[in-house]
Amino acid sequence: MAPVDVMRATTSVPAEVMGYGDDLGTVRPGMLADLVVFGGDPLDDISAARDVRWVVANGRVYAAAELLERPGAE
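According to our numbering, the sequence shown is numbered sequentially starting from 1.
Hints should not be assumed to be uniformly reliable.
Quick list of the computed label-pair ranges, beta carbon to beta carbon [what the hints assert, rightly or not]:
1. 18 to 55: 16 to 24 Å
2. 71 to 21: 31 to 39 Å
3. 65 to 29: 25 to 33 Å
4. 32 to 67: 17 to 25 Å
5. 50 to 70: 14 to 22 Å
6. 22 to 72: 14 to 22 Å
7. 56 to 4: 17 to 25 Å
The set of hints was computed from the structure by calculation and includes no laboratory data.
Remember, predicted model here, so these are calculated numbers, not experimental data.
We put the beta carbon where it would ideally sit given N, CA and C, even for glycine.
Given the sequences, and given the hints that come with them, work out the whole structure.
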């Protein structure tokens, strides 16, 4: 599977299938989103998705290292 297809299979496709495509699944103005920022471009090399640098969830920005330091994180 091409990297772009992997990204779609984990974002816009499930949102569409579940009927939330108008609100979720893509990064555009007006859309709801939690985001993951990678250290590289997963469209160039899908293994870049393993290099999580930042997470934006519920309007808060977290450094990946901060999340890994929390109790129960592995």
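Hint check results:
no.: 1; hint: 18 to 55: 16 to 24 Å; in the structure: 22 Å, holds
no.: 2; hint: 71 to 21: 31 to 39 Å; in the structure: 36 Å, holds
no.: 3; hint: 65 to 29: 25 to 33 Å; in the structure: 30 Å, holds
no.: 4; hint: 32 to 67: 17 to 25 Å; in the structure: 21 Å, holds
no.: 5; hint: 50 to 70: 14 to 22 Å; in the structure: 19 Å, holds
no.: 6; hint: 22 to 72: 14 to 22 Å; in the structure: 35 Å, violated
no.: 7; hint: 56 to 4: 17 to 25 Å; in the structure: 22 Å, holds
The structure fails hint 6 only (numbered hints given earlier).
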